[in-house]
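Take a look at the letters that make up each chain.
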Amino acid sequence: MAVKTGSVERLVGSYHAWAANGASRAPVWLKELRAGGIARFGELGFPNMKQEAWRFTSVAPIAEGTFALAHPPARLPSLVEIQPFLLGDSGHRLVFVNGFYQRSLSTAVADTLRVQSLADALAEDPDAIRAHLCRYAATQDRPFCALNTAFVGEGAFVHIPAKVSLADPIQLLFIVTDENVVMHPRNLVVLEREARASIVETYASLHHARYWTNTVTEVVAGDAARIDYHRVQRESPRAYHVAATETHQGRDSTVNLHTVAFGAALARHDLGSVMAGPGGTLILNGLYLLAGEQHADHHTTIDHAADHCASHEYFNGVLDEKSRGVFTGRIIVRPGAQKTDSKQTNNNLLLSADAHADSQPQLEIYADDVKCTHGSTVGPLDPRALFYLRSRGVGEDAARRLLTYGFAAEILGRMEVAPLRAQLDAIVRGRLAGQ
Amino acid sequence: MAKSKVVLEVKGLRVAVAGNEILKGVDLTIRDGEVHAIMGPNGSGKSTLAQVLAGHPAYTVLAGAAKYEGKDLLDLKPEERARAGVFLAFQYPVEIRGITNSYFLRSALNALRRERGEPELDPIDFLQFLEQKLQAIGWDDAMMNRPVNEGFSGGEKKRNEILQLAVLEPRLAILDETDSGLDIDALKTVAETVNTLRSPDRAFLIVTHYQRLLNYITPDVVHVLADGRIVKSGGPELAQELEARGYDWLRDGVMVS
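Chain order of the listed sequences is Y and E. Numbering follows this note's numbering, in which position 236 of the first sequence is assigned residue number 515; successive positions increment by one, without gaps. Numbering follows this note's numbering, in which position 3 of the second sequence is assigned residue number 33; successive positions increment by one, without gaps.
Misleading hints may appear alongside valid ones.
[Said to hold, decoys possible] Calculated from the model, a selection of chain Y residues having no Cβ within reach of chain E, i.e. all distances over 12 angstroms:
(1) Leu348
(2) Asp404
(3) Asp502
(4) Gly571
(5) His635
(6) Ser638
(7) Ser655
(8) Ala705
[To be verified] Pairwise CB distance ranges, derived in the manner of DEER restraints:
(9) Gly367/Y with Pro149/E: 28 to 38 angstroms
(10) Gln165/E with Gly615/Y: 50 to 60 angstroms
(11) Ser210/E with His486/Y: 53 to 63 angstroms
(12) Asp171/E with Gly571/Y: 35 to 45 angstroms
(13) Glu600/Y with Lys107/E: 20 to 30 angstroms
(14) Ala48/E with Ser369/Y: 58 to 68 angstroms
(15) Thr656/Y with Lys35/E: 40 to 50 angstroms
(16) Lys101/E with Met328/Y: 55 to 65 angstroms
(17) Glu600/Y with Ala172/E: 33 to 43 angstroms
(18) Arg663/Y with Ala172/E: 16 to 26 angstroms
(19) Asp171/E with Gly367/Y: 24 to 34 angstroms
(20) Leu151/E with Arg693/Y: 25 to 35 angstroms
(21) Asp676/Y with Ala172/E: 24 to 34 angstroms
(22) Asp676/Y with Glu273/E: 45 to 55 angstroms
[To be verified] Under 10 angstroms between C-beta atoms, here's a sample of chain E residues computed to sit facing chain Y:
(23) Gly85
(24) Ala88
(25) Leu139
(26) Glu180
Hints are computed from structural coordinates only; laboratory data are not their basis. Think of the CB as a built atom: it goes at the ideal place given N, C-alpha and C, for glycine as much as any other residue.
Based on the provided sequences and hints, a complete structural model is requested.
Written as structure tokens, this is what we have:
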């Protein structure tokens, strides 16, 4: 489908209006970043299905839709209204509504440990941001990332100093209340050496509105740091969700990146992981649970740039009705990244004859002493497993639900934050009971 | 001595899979408390008999009948058979991703308890119940929090089948080549557990290719199945004879019963 150039021009136009107005007080380096972002987006335009990275996903509904740059909400949701998306009151929490930081709903901190809005952090300590911002999320051939960079300003900034370990998860909650708007949240999470933290980044809406989220998160794990990063996409079923999560790992660091996609009419999530120092460990653990005409595309790239790193990637898709799941798992093992241990699996469960899954592993191995395995499956429930359960007294419908639940539970079971696991488990059970 | 009640009565059972007739008229009567062994060469139909009694949908019954507790067994869905007290220990237990053994067992047990009009067990009550069962058979709970059969060794899978038997307490337990793939120590463990589960109100149908399992579980009756028919039945000594002489002497239309 051809994309009207008008929509690109409109977005470029809205950038210039925004840059000249509210964003004009930014430091020069930031203005240059933004200008570079919009210039690149202008050159690239929206992707099309002739491009390898977009073979199975058309962004025409986004490119042809009209979305106004979001405004702060006219009415702020109450704490009660956002409670279903939170995990209790312990730990730091940043809440954004229509992309704008809401101090009254948040519990920020800004001393040696920083959990605050990116806008506040840019005002107080721009150099801490400058060292990392836009260093990991490449914009060269990624128009949505370039567009997000053009609008960098709102989002979360988390900085955990060396050797600091946080017990409670930090919650970053992005809530949308308005119709026909676009938001470009930008998050930066930096763990210094030997720091440890757990983060839950959630996208949700209070109404079944139509809107577009275009978000980018950069996560830096310093030497021997450990981060458990959880990403929960519960957007409105009419929403468009485009996202990039980029992690960059130092020596002997651990990144456990969990992602679940329940919402959005159309979702595209790029997950890029660079293992830059030797001895790193990465777990990429993802679930997409889709129905109706939902389309979710996960595009993962694990870059083994150093030796003795291990990456384990597990993505399960549960696809009902006319939904479609796309998974691309690219693994690059650079020359010299010896003793790499990489394992990738993508299993897709088709609950309907009209559901569809595309699964494509892409292995690029330039070192010789490595262990790389991958496997993917696409198919209906295993009739042998169904009979096994029935032979134990479980009725046919209950057996189907149990097997389907197991597909999701396998992914949720790897998450260590118990209240989050319980929250997601309840969503999965609710979805299966409604089917 | 008055004979105990008949649990299973199979008459003239003919069964096909994918258009091939596998069972060509099987007759079999099992009473409460009895242990029957079915032996026979590969391809004789032993596993088909086990699976068809459990209700595997791939098999078509061409003729004959199977009555369980006097009711038509073949008319029941697999889950209805299980709830009525029929249990099949699978030759190839199936892996179930994402579901822990403990959760699976509780789901199965509660399905049975609902059928019997008993209250369902919550996770805490179930764990207590399970602990008792595990203690009774002398096993630990190492397998309980792992996904069902996933990454289990061959021996662990078979042990897991027997654990399910212990938890679900069936009236008719069918063991389909539970001994295949087991080393001698695992075989002994499984056999000892089966022996502790023998009771006057539980019957066993043990399908096996080898006689060695019957060194540890003494059957009341041994049947030889060849080419889809039971060609000989006898006492435990028949198993010894088969071990010594093989199956060939029973083939080629030799019918002794």
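Self-check item: Enumerated hints in conflict with the structure, sorted upward
Solution: The structure breaks none of the hints.
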